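Novice: Given next are the chains, with one letter for each unit.
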Amino acid sequence: MTDLPNSTLHLQADSVECSRDDRLLFENLSVDVSGGEALILEGRNGTGKTTLLRILCGLRRPDEGEVRWSGVSIEECAVDFHRHMVYVGHLDGIKRELTALENLRVLQTLSGRGRYSVEEALEAVKLGGFEDIPVHFLSAGQKRRAALARLLVTDARLWVLDEPFTSLDVYGIELVESLMDNHLSTAGALVMTSHHQVHLSAGVVKRLNLSAD
Amino acid sequence: MSVWQAFIELLKRDLRLAMRRRAEIANPLLFFVMVIVLFPLGVGAEPNLLERMSAGVVWVAALLAALLTLDSIFRSDFEDGTLEQLLLSAQPLSVMVLAKVVAHWLVTGLPLLLVAPLLAMLLGMKSEAMGTLMLSLLLGTPVLSLIGAIGVALTVGLRRAGVILSLLVLPLYVPVLIFGAAAVDAAASGLPVAGQLYILAAFLAMALSLAPVAAASALRISLS
Numbered sequence: 001m002t003d004l005p006n007s008t009l010h011l012q013a014d015s016v017e018c019s020r021d022d023r024l025l026f027e028n029l030s031v032d033v034s035g036g037e038a039l040i041l042e043g044r045n046g047t048g049k050t051t052l053l054r055i056l057c058g059l060r061r062p063d064e065g066e067v068r069w070s071g072v073s074i075e076e077c078a079v080d081f082h083r084h085m086v087y088v089g090h091l092d093g094i095k096r097e098l099t100a101l102e103n104l105r106v107l108q109t110l111s112g113r114g115r116y117s118v119e120e121a122l123e124a125v126k127l128g129g130f131e132d133i134p135v136h137f138l139s140a141g142q143k144r145r146a147a148l149a150r151l152l153v154t155d156a157r158l159w160v161l162d163e164p165f166t167s168l169d170v171y172g173i174e175l176v177e178s179l180m181d182n183h184l185s186t187a188g189a190l191v192m193t194s195h196h197q198v199h200l201s202a203g204v205v206k207r208l209n210l211s212a213d
Numbered sequence: 214m215s216v217w218q219a220f221i222e223l224l225k226r227d228l229r230l231a232m233r234r235r236a237e238i239a240n241p242l243l244f245f246v247m248v249i250v251l252f253p254l255g256v257g258a259e260p261n262l263l264e265r266m267s268a269g270v271v272w273v274a275a276l277l278a279a280l281l282t283l284d285s286i287f288r289s290d291f292e293d294g295t296l297e298q299l300l301l302s303a304q305p306l307s308v309m310v311l312a313k314v315v316a317h318w319l320v321t322g323l324p325l326l327l328v329a330p331l332l333a334m335l336l337g338m339k340s341e342a343m344g345t346l347m348l349s350l351l352l353g354t355p356v357l358s359l360i361g362a363i364g365v366a367l368t369v370g371l372r373r374a375g376v377i378l379s380l381l382v383l384p385l386y387v388p389v390l391i392f393g394a395a396a397v398d399a400a401a402s403g404l405p406v407a408g409q410l411y412i413l414a415a416f417l418a419m420a421l422s423l424a425p426v427a428a429a430s431a432l433r434i435s436l437s
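Just so you know, the sequences run in chain order S and A.
Take the first sequence: its position 2, counted from the start at 1, is 2 in this note's numbering, and no numbers get skipped.
Adding 213 to a residue's 1-based position in the second sequence gives its number in this note's numbering.
If you're looking for bench data, these hints aren't it; they were derived computationally from the structure.
A short, non-exhaustive set of chain A residues, derived as facing chain S with CB atoms under 8 Å:
1) 218
2) 233
3) 297
4) 302
5) 303
Since the structure is predicted, the reported quantities are computational estimates derived from the model, not experimental observations.
Cβ coordinates follow ideal geometry from the N, Cα and C atoms, glycine included.
Pulled out of the complex, with its shape left as it was, chain S reads as follows (with noise of 0.2 Å):
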């Protein structure tokens, strides 16, 4: 396993190009963001922005375009950027009938182990307590922070949130943010979209509108 320098921490997307459904949705869109910057996806609805975070994790092809992950295209080092980067969905990609702690431990074992255990994830999303208890008995918000845990068991120095706050109160809110925060500060890199106002303390914050012609 590679250790990454965060020198490195660059994820960009050159001049990509999207349509769908025969209507474009953008196109010669560059994206630039290092170690430390959060990037805040804006626009209307259906503007484009759950389709340019699948594009930016590799979900998605671009039509035209490549995105790049320290200089490599990230097909040719899928392994290496996904061991890098962790997505967050508008599915929360968990197993209703499993427990949150089973969850996240088939999570940690196909994407490598971070700085948090497993437990202490929990733990720093409020879930402690909750680990043996299925998903599938957890409020909508439960289980939406035990998706946001994913963040933190794993290495991942990129985060990808579509949506990050949906379904959590103003406390899960603000729990998230200090998370985005703290991971900023340690030189991570955060791409987001959000229809809430999003406050961060640290990191440089770029925004994005995908809506303004």
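Assemble the complex: chain S is given as a structure, and chain A must be docked to it using the hints.
Specialist: Frame of chain S, contents of chain A only:
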């Protein structure tokens, strides 16, 4: 983190999930039993006729039961987003697909294999053919799961995948059915069966090496 460890962890997860929704295990098994129990009621309880048809009936029922369960290989993972996470994990996707298929076979194929002799006896199959029946199912049912995984991976993004999945997968199932049933038939009439079994083993070797890779690529397309 070794690939092998991830393989085992994913396999364990899928088996644990299966234990928590037992209805899914029972469903194909019940279907298999019902088809074979209902068959004599339909065609009449004539021992000679039933004995002659037993190999084919058991194999067809096993094949349809396998087809019935295919969708569960990737569907629920697709719906709750764990499939996305699997694609983004730092492990080779084809190995992860293989882990899922193995889990699927253990949950759906293995129980069929275990009850098959009992049901074959019900149809009056000769005891000489039992060993071959077990062996042909042991070689054949994993092929059904592996080929099925490709079909499901291709169709998992579609809302109503049922019909198209059957159309995609059934033609590829036919050779397995032909050689599986032929082996059992040959054994019942006291002929050598090595040829058919070798062909089934060859199918299995080919499916084991190619299907996970094909299914992995199909999943990437389905999720993009």
